[in-house]
Amino acid sequence: MSTGGDVPAVVVDGVGMVFNEGTGGEVAALDGIDLTIRAGEFVTLIGPSGCGKSTLLRLIGDLLTPTAGGVSVFGRSAHESRTGQDYGMVFQHAGLFDWRKVQANIELPLELRGWSRSDRGARSSEMLDLVKLDEFSDHYPRQLSGGMQQRVSIARALSFEPRLLLMDEPFGALDEMTREHMQSELLRIWGETGTTVVFVTHSISEAAFLSNRVIVLSPRPGRVHSIIDVALGERTPDTREDPDFFAAATTIREALRSVGGAE
Amino acid sequence: MKLRRLVQRGTSLGPAVVVGVAGFGLWEGTVRAFGIREFLLPKPTSILAELQAEWPVLRHAGWETGRIAVSGLLVGILAGVLLAMFTTRFRTLNEGLTPLAVAVNATPIVALAPIFNAWFGITGTLSNQAVVIAVVFFPVFINTARGLTEVHPDEIELMHSYAAGEWTIMREVRVPNALPFFANALRVVAPLSVIAAIVAEYFGGPQDRIGNVITSNAGFARYDVAWAAIAVASAVGLALFAAALLVERVSMPWRLAVGGSDSNNNPGRET
Ligand SMILES: Nc1ncnc2c1ncn2[C@@H]1O[C@H](COP(=O)(O)OP(=O)(O)OP(=O)(O)O)[C@@H](O)[C@H]1O
Ligand SMILES: [Mg+2]
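Just so you know, the sequences run in chain order A and B.
Counting the first sequence from 1 gives a position; my numbering is that position plus 2.
Counting the second sequence from 1 gives a position; my numbering is that position plus 141.
Be a bit skeptical, because a hint or two may be false.
In silico EDC-like pairs for lysine to aspartate or glutamate, Cα to Cα no more than 20 Å straight-line [what the hints assert, rightly or not]:
1. A:K103 / B:D295
2. A:K103 / B:E313
3. A:K103 / A:E128
4. B:K184 / B:E195
5. A:K103 / B:E389
Since the hints were made in silico from the structure, they are not lab data.
In isolation and in its complexed conformation, chain A is listed as follows:
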């Protein structure tokens, strides 16, 4: 799935973010962030609460504009990428629309792209299959459990095959078992679609299990403290008991500790 040449998926170049700049209540959220994410990579952002993870994700997604530096995505500016509809986003709160049935929720981004009804139907059933919710296409979101809603939200984000998937603590509200299940599902889908993922989490084991690389941020203002490569190969349920997995988790934990994270 690699797109021609070696254009990185994301380049964050000297990015700083100060909220409320020029007013009394300035908040320096990020400072001097440099980061390159390769196409097809799965990268996790981790760091203490308030260190700017969500902010960094929003900057990459062009939902915020940095006060210093710049972001490019697949060789274009973040703004061009957003208006070019390159992004899929998943938030902690599933963010499904109550008034749309599951299938219609998944089809929303396709509708906005002007897909025909039959194309949308074909794709959404494919997606429902992928997240194993085919029986629930005709339900309203409120009729589903939290985990199921989150799967719909992921299906929606993947439905148009975004080149870049931005996920902000998507599994934060789930119980441990559902969470592990969803992690495996996400990796399976990632493997099948070859999309690039930037994933924010608070969970050390989640970061170790999911990522190719873990970016550890230090707080106030957020800076890149360290970048940890996680080379665990193909993930299976056994990976969670693998000594290498524990070693990776330990490395992340120590980095977080030196950064002053409570976790």
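Given the coordinates of chain A, assemble chain B with the ligands onto it according to the supplied hints.
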């Protein structure tokens, strides 16, 4: 499925019917037992008799007053919704107008009826209609504007991430989000429109309307006819309330599916 729902509806209506019938029985019995005089409280049976005897006049009056109520309702709703949508698009306008609207809404607008007569003429229906519109407009505007603006920020960010424009966000997110708020307003203003029309008619307008039938018959001590007119008015009010509930059901199928938050009219969404 349909049948079961119907049966459920039927049985849930049962207690109300029993209480209603018992209430009228008690009323009739009390008036008879204590010999309460008709001008204080007529018996339901004499009201019913007048309803029959004066039916042509009452039907005409109910129809005309109902027309004023319904037309004022529609205009008030349309104006409230359109202005709410307009102000939502322009945030500062919204922030400026909403507190003002809340303040105006807290004043008893029907009290303006005599003043509206001076503005719009005392003999025509225009001033009555203006009272209804004014009474309907503010709750609709305030509630709808809240529903259009109180959208979860994640939902807006999600739409931005799809590169959706403001109009698309309005259509896909804000309007459906505002529907429960609007429905709440509708439940309030539908019967209120009838009240407003009648109170306005107390002060002026054509003489063949419910409001005038009530005042003139009460003036001639024909209280049972006045009560019959009130019965007609409450039937019109109930019909409009039922229509409001119907609109609510038809426009928000997802709320029914999730297990009818019918009686609890809290439009807010969790999380
Ligand atoms: N819109 C905003 N206006 C002002 N300050 C903001 C805004 N958004 C975030 N901040 C501040 O920026 C800093 C980083 O916030 P951010 O939400 O990115 O943290 P986070 O790492 O995602 O935290 P958490 O792990 O708790 O989600 C915080 O100090 C926060 O108060
Ligand atoms: Mg966050």
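task: For the pair supplied as a hint, A:K103 and B:E389, confirm whether the alpha-carbon distance does not exceed 20 Å.
output: Given that 20 Å is the threshold and the Cα spacing comes to 18 Å, the pair holds.
- prompt: Going straight from one Cα to the other, do B:K184 and B:E195 come out at no more than 20 Å?
  reply: At roughly 16 Å apart (the allowed maximum being 20 Å), B:E195 and B:K184 satisfy the hint.
query: Given the proposed pairing of A:K103 with B:E313, does the C-alpha separation stay at or below 20 Å?
result: 13 Å, holds
field: 20 Å Cα cutoff - pair A:K103, A:E128
entry: 16 Å, holds
message: Hinted pair, alpha-carbon criterion (20 Å max): A:K103, B:D295. Please report holds or violated.
response: 19 Å, holds
In the structure shown, no violation is registered for any of the earlier numbered hints.
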